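Below, each chain spelled out in residue letters.
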Amino acid sequence: MIHIRLKQQLAAFTLDLDLTLPARGISAIVGPSGSGKTTLLRCIAGLERAEQAFIEVNGHCWQDSQRGLWLAPHKRALGYVFQEASLFDHLNVQANLNYGRHRSAEPASDQQATQIIELLGIAQLLQRSTSGLSGGERQRVGIARALLANPRLLLLDEPLTALDPQRKADILPYLERLHAELDMPLLYVSHSPDEVARLADHLVLLDNGTLRASGPLQTLLPRLDLPMAHSDDARSVLHGQVSACDDRYQLLELTLDGSPLQLRLPHSALPLGQRVRVAVQARDVSLALEKPQHSSVLNQLPAHIEAIEPGSHPAQALVRLALGDNVLLARLTRYSVDQLQLQPGLPVWVQIKAVALFD
Amino acid sequence: MRLPLLFATACCISISHPALAGEVQVAVAANFTAPMQDIAKAFEQDTGHRVIAAFGSTGQLYAQISHGAPFEVFLAADDTTPARAESDGLAVSGSRFTYATGALALWSADAGLISDGAQLLRSGNFEHLAIANPKTAPYGLAATQVMQQLGLTQALAPKLVEGQSIGQTYQFVASGNAEVGFVALSQVSRDGEITSGSAWQVPAALYQPIRQDAVLLNTGADNDAAAALLDYLKGEQAAAVISRYGYGH
Amino acid sequence: MSLPLDSADLAAIWLTLKLASLTTLVLLLIGTPLAWWLAHTRSRLKGPISALVALPLVLPPTVLGFYLLVALGPHGPIGALTQQLGLGTLAFSFSGLVIGSVCYSMPFVVQPIQNAFESIGKRPLEVAATLGASPLDRFFTVALPLARPGIITASVLGFAHTLGEFGVVLMIGGNIPERTRVVSVQIFNHVEAMDYASAHWLAGGVLICSFVILLLLNRRGRLTVMPGARR
Numbered sequence: 000m001i002h003i004r005l006k007q008q009l010a011a012f013t014l015d016l017d018l019t020l021p022a023r024g025i026s027a028i029v030g031p032s033g034s035g036k037t038t039l040l041r042c043i044a045g046l047e048r049a050e051q052a053f054i055e056v057n058g059h060c061w062q063d064s065q066r067g068l069w070l071a072p073h074k075r076a077l078g079y080v081f082q083e084a085s086l087f088d089h090l091n092v093q094a095n096l097n098y099g100r101h102r103s104a105e106p107a108s109d110q111q112a113t114q115i116i117e118l119l120g121i122a123q124l125l126q127r128s129t130s131g132l133s134g135g136e137r138q139r140v141g142i143a144r145a146l147l148a149n150p151r152l153l154l155l156d157e158p159l160t161a162l163d164p165q166r167k168a169d170i171l172p173y174l175e176r177l178h179a180e181l182d183m184p185l186l187y188v189s190h191s192p193d194e195v196a197r198l199a200d201h202l203v204l205l206d207n208g209t210l211r212a213s214g215p216l217q218t219l220l221p222r223l224d225l226p227m228a229h230s231d232d233a234r235s236v237l238h239g240q241v242s243a244c245d246d247r248y249q250l251l252e253l254t255l256d257g258s259p260l261q262l263r264l265p266h267s268a269l270p271l272g273q274r275v276r277v278a279v280q281a282r283d284v285s286l287a288l289e290k291p292q293h294s295s296v297l298n299q300l301p302a303h304i305e306a307i308e309p310g311s312h313p314a315q316a317l318v319r320l321a322l323g324d325n326v327l328l329a330r331l332t333r334y335s336v337d338q339l340q341l342q343p344g345l346p347v348w349v350q351i352k353a354v355a356l357f358d
Numbered sequence: 000m001r002l003p004l005l006f007a008t009a010c011c012i013s014i015s016h017p018a019l020a021g022e023v024q025v026a027v028a029a030n031f032t033a034p035m036q037d038i039a040k041a042f043e044q045d046t047g048h049r050v051i052a053a054f055g056s057t058g059q060l061y062a063q064i065s066h067g068a069p070f071e072v073f074l075a076a077d078d079t080t081p082a083r084a085e086s087d088g089l090a091v092s093g094s095r096f097t098y099a100t101g102a103l104a105l106w107s108a109d110a111g112l113i114s115d116g117a118q119l120l121r122s123g124n125f126e127h128l129a130i131a132n133p134k135t136a137p138y139g140l141a142a143t144q145v146m147q148q149l150g151l152t153q154a155l156a157p158k159l160v161e162g163q164s165i166g167q168t169y170q171f172v173a174s175g176n177a178e179v180g181f182v183a184l185s186q187v188s189r190d191g192e193i194t195s196g197s198a199w200q201v202p203a204a205l206y207q208p209i210r211q212d213a214v215l216l217n218t219g220a221d222n223d224a225a226a227a228l229l230d231y232l233k234g235e236q237a238a239a240v241i242s243r244y245g246y247g248h
Numbered sequence: 000m001s002l003p004l005d006s007a008d009l010a011a012i013w014l015t016l017k018l019a020s021l022t023t024l025v026l027l028l029i030g031t032p033l034a035w036w037l038a039h040t041r042s043r044l045k046g047p048i049s050a051l052v053a054l055p056l057v058l059p060p061t062v063l064g065f066y067l068l069v070a071l072g073p074h075g076p077i078g079a080l081t082q083q084l085g086l087g088t089l090a091f092s093f094s095g096l097v098i099g100s101v102c103y104s105m106p107f108v109v110q111p112i113q114n115a116f117e118s119i120g121k122r123p124l125e126v127a128a129t130l131g132a133s134p135l136d137r138f139f140t141v142a143l144p145l146a147r148p149g150i151i152t153a154s155v156l157g158f159a160h161t162l163g164e165f166g167v168v169l170m171i172g173g174n175i176p177e178r179t180r181v182v183s184v185q186i187f188n189h190v191e192a193m194d195y196a197s198a199h200w201l202a203g204g205v206l207i208c209s210f211v212i213l214l215l216l217n218r219r220g221r222l223t224v225m226p227g228a229r230r
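Protein chains in written order, with numbering that gives the first Met the number 0: chain H, 0 to 358; chain R, 0 to 248; chain U, 0 to 230.
Do not rely on the hints blindly, as some may be mistaken.
Label-pair ranges, simulated between beta-carbon atoms [unchecked claim]:
| # | chain 1 | residue 1 | chain 2 | residue 2 | range |
| --- | --- | --- | --- | --- | --- |
| 1 | R | S65 | U | S209 | 24 to 32 Å |
| 2 | U | S209 | H | G131 | 21 to 29 Å |
| 3 | H | Q114 | U | L135 | 51 to 59 Å |
| 4 | U | Q82 | R | D115 | 45 to 53 Å |
| 5 | R | D230 | U | A50 | 48 to 56 Å |
| 6 | R | G111 | U | A50 | 35 to 43 Å |
| 7 | U | G85 | R | G67 | 52 to 60 Å |
| 8 | H | P172 | U | A50 | 53 to 61 Å |
| 9 | U | R122 | R | A53 | 55 to 63 Å |
| 10 | H | S295 | U | R122 | 49 to 57 Å |
| 11 | U | L135 | H | D224 | 49 to 57 Å |
| 12 | U | L135 | H | T160 | 27 to 35 Å |
| 13 | U | L24 | R | D109 | 51 to 59 Å |
| 14 | U | P47 | R | D221 | 51 to 59 Å |
Straight-line C-alpha distance at most 20 Å; calculated EDC-like pairs for lysine to aspartate or glutamate [as the list claims (entries may be wrong)]:
| # | chain 1 | residue 1 | chain 2 | residue 2 |
| --- | --- | --- | --- | --- |
| 15 | U | K121 | H | E83 |
| 16 | H | K167 | H | E157 |
| 17 | U | K121 | H | E289 |
Derived from the structure by calculation, the hints contain no laboratory data.
Just so it is clear, the structure is predicted and the values come from calculations on it, not from any experiment.
Ideal Cβ placement from N, Cα and C applies to all residues, glycine included.
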């Protein structure tokens with residue numbers, strides 16, 4: 000587990016947190032600009048020295064102000080990927096990669112190193128000078144450089160923000176592969192709901208230096224008391240595994256965790272049993288009181304209404320639904336809510352018009 | 000009505016009288032700075048002329064003069080430079096004369112160091128002996144003559160440090176970086192008394208007289224004030240000032 | 000055609016080159032840490048120390064030379080120290096000239112290096128820290144290599160500026176052949192002695208030498224700014 004307790008006076012507010020994060024997987028840190036996300040990462044890394052802090056990562060204590068313990072950044076086994084890939088321009092790619100690896104107490108083995116270099120697709124860049132690299136390549140080298148030191152914790156501060164959408168799309172799959180194949184915890188500061196939906200397991204929501212919420216992604220996203228549910232592209236994330244492939248129609252069938260319910264979506268074949276996550280936009284979900292007949296919508300599933308709240312626009316309402324163990328968010332007009340006399344506890348049929356799959 | 004008008008006219012005339020008086024630009028060797036300031040003050044009071052004096056090393060002043068600096072009178076620290084000015088056609092021939100004769104002193108900032116200067120030089124009981132650059136400064140040349148006369152040229156050579164001017168030489172000794180040095184007597188004495196430290200007035204027999212010559216430059220040939228200043232330097236009042244500062248006249 | 004330079008001139012040239020080289024070396028050794036400190040400190044002393052380093056830019060060298068003469072003398076602080084250490088006083092010695100030149104050329108070395116360190120910014124050093132590099136390690140493996148263009152500029156400027164040093168040497172040197180009589184003093188001697196031909200040869204040499212150094216520096220500067228030309 001990762002334990003972080005921090006109290007640090009900043010110019011605009013006080014960063015005051017008590018946070019426990021899972022020992023592995025990606026924890027996304029989100030919140031408005033200036034809510035203290037970067038400062039939190041810098042305090043964890045020791046780049047900023049918080050007045051009062053307790054920082055422990057999987058049993059290794061890095062800072063405990065009560066005991067007067069403070070490890071300098073270079074003594075903390077961590078990797079830090081900054082917004083702009085700060086490669087050392089006086090070194091070539093290989094030397095950049097070696098920089099952290101040669102200084103690490105437990106560096107990545109040769110086999111791991113090869114794997115990381117393969118994973119990030121930079122094998123052909125090793126002898127290149129850093130000045131000729133594209134933004135996406137630079138960032139991949141930066142991530143590999145941090146990983147090759149084999150850190151106990153990887154901190155990523157908006158690593159994709161400086162990239163254009165195409166480069167972002169290029170690099171996201173690499174991050175997903177990291178997530179799937181590496182065993183180290185990642186703290187990932189992001190502004191992008193899309194990145195968060197694709198990558199995060201755990202979500203930390205900061206507001207003005209305090210912790211607004213912290214928990215698994217799929218429970219936090221649809222919470223109606225949190226701002227994510229009210230954003231224009233509010234979405235729910237569902238987990239499941241591949242249970243069938245239809246070659247003829249190029250459709251994939253997923254069985255959702257904790258329920259017999261199945262989702263179908265257009266996608267090329269995947270191995271049976273592979274775990275996947277899908278995201279469903281709240282605006283793509285509609286409700287019916289009875290099972291719709293003769294509809295073109297692929298996915299029609301039975302669900303229960305858990306809660307209804309006004310949406311951000313006066314015409315709209317947000318409806319939280321239980322779909323087996325999963326939670327789904329729907330954005331309807333208030334008119335429809337009144338017409339159908341929707342209320343918590345009511346069984347309904349959901350129709351899902353689009354599903355995005357992250358493999 | 001008439002009387003005030005007459006009075007006002009008289010005033011105008013009397014006020015404008017100093018404007019009729021001349022102005023003279025003098026280039027003065029640095030070692031003669033203090034006496035020149037006194038002399039200039041007295042000269043201005045007595046004649047109503049104004050003196051504009053520039054002080055510097057003789058070599059630099061000569062370089063400036065030969066490149067058209069507007070000096071009218073040149074008071075050098077030696078006799079060769081004014082002679083050269085004359086032969087180079089920069090000065091009015093026949094105007095050259097010795098306005099002061101420099102005296103050499105062996106001086107130390109340490110009041111107890113020098114009782115018998117020649118004895119001290121022979122003992123070599125010091126690390127540095129400061130002299131002015133003998134190639135450029137007459138006092139430096141005189142210092143080498145003294146050492147030669149005493150037969151100490153070889154013995155003292157490793158201890159020599161050279162100031163570019165006699166003023167800088169004085170500085171080396173005053174700051175203690177050189178324990179002793181040959182300086183101008185005018186730098187360390189007033190009215191026949193050594194002002195600080197200890198000194199040995201070098202007997203005149205040990206070196207060629209250090210003649211400081213003045214010359215009227217071509218630019219001042221038609222300037223009454225320049226001629227007046229040269230006359231004044233030859234006079235009694237100037238002589239008194241000059242000897243008070245430790246020069247011969 | 001033979002150069003109208005005598006052995007004293009040649010000795011002065013050799014001494015000048017020796018002085019400029021040694022001064023540059025000493026300045027790099029003490030100027031680099033000083034520049035590093037100035038680039039990173041938040042201390043209140045930063046302002047006064049920066050001003051002190053920059054003083055030789057505006058002070059007449061003779062002022063610096065005069066105070067050095069006093070400070071190096073037996074009653075001055077440096078003189079007292081060197082005497083206690085058994086070194087005697089340093090005026091009129093080559094070591095004294097090196098000390099004087101180091102003070103005199105200090106801003107020409109410290110400022111380019113400080114600018115280079117400042118333009119690197121904190122980020123590469125933070126990256127190095129998170130990759131396990133200790134402060135000293137970061138300094139040698141990241142800061143110094145990245146500041147290399149600034150350090151080269153600083154060395155060249157320090158060298159060239161010391162070549163042309165005059166006022167300080169004049170004040171503390173004592174015009175001793177092969178020890179303190181550098182080219183600029185020798186030129187002065189020639190001028191004073193009205194030997195303008197020799198003065199021209201030496202002065203022209205210094206002029207051309209300084210011009211060529213600055214020209215090379217300029218070309219290098221352009222090259223390093225050009226993208227991709229670094230490697």
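Now the hints, each set against the structure:
{"no.": "1", "hint": "S65/R with S209/U: 24 to 32 Å", "result": "26 Å, holds"}
{"no.": "2", "hint": "S209/U with G131/H: 21 to 29 Å", "result": "38 Å, violated"}
{"no.": "3", "hint": "Q114/H with L135/U: 51 to 59 Å", "result": "33 Å, violated"}
{"no.": "4", "hint": "Q82/U with D115/R: 45 to 53 Å", "result": "27 Å, violated"}
{"no.": "5", "hint": "D230/R with A50/U: 48 to 56 Å", "result": "53 Å, holds"}
{"no.": "6", "hint": "G111/R with A50/U: 35 to 43 Å", "result": "42 Å, holds"}
{"no.": "7", "hint": "G85/U with G67/R: 52 to 60 Å", "result": "54 Å, holds"}
{"no.": "8", "hint": "P172/H with A50/U: 53 to 61 Å", "result": "55 Å, holds"}
{"no.": "9", "hint": "R122/U with A53/R: 55 to 63 Å", "result": "58 Å, holds"}
{"no.": "10", "hint": "S295/H with R122/U: 49 to 57 Å", "result": "53 Å, holds"}
{"no.": "11", "hint": "L135/U with D224/H: 49 to 57 Å", "result": "51 Å, holds"}
{"no.": "12", "hint": "L135/U with T160/H: 27 to 35 Å", "result": "33 Å, holds"}
{"no.": "13", "hint": "L24/U with D109/R: 51 to 59 Å", "result": "37 Å, violated"}
{"no.": "14", "hint": "P47/U with D221/R: 51 to 59 Å", "result": "57 Å, holds"}
{"no.": "15", "hint": "K121/U with E83/H", "result": "13 Å, holds"}
{"no.": "16", "hint": "K167/H with E157/H", "result": "11 Å, holds"}
{"no.": "17", "hint": "K121/U with E289/H", "result": "62 Å, violated"}
The structure fails to meet hints 2, 3, 4, 13, 17 from the earlier list, while all remaining hints are met.
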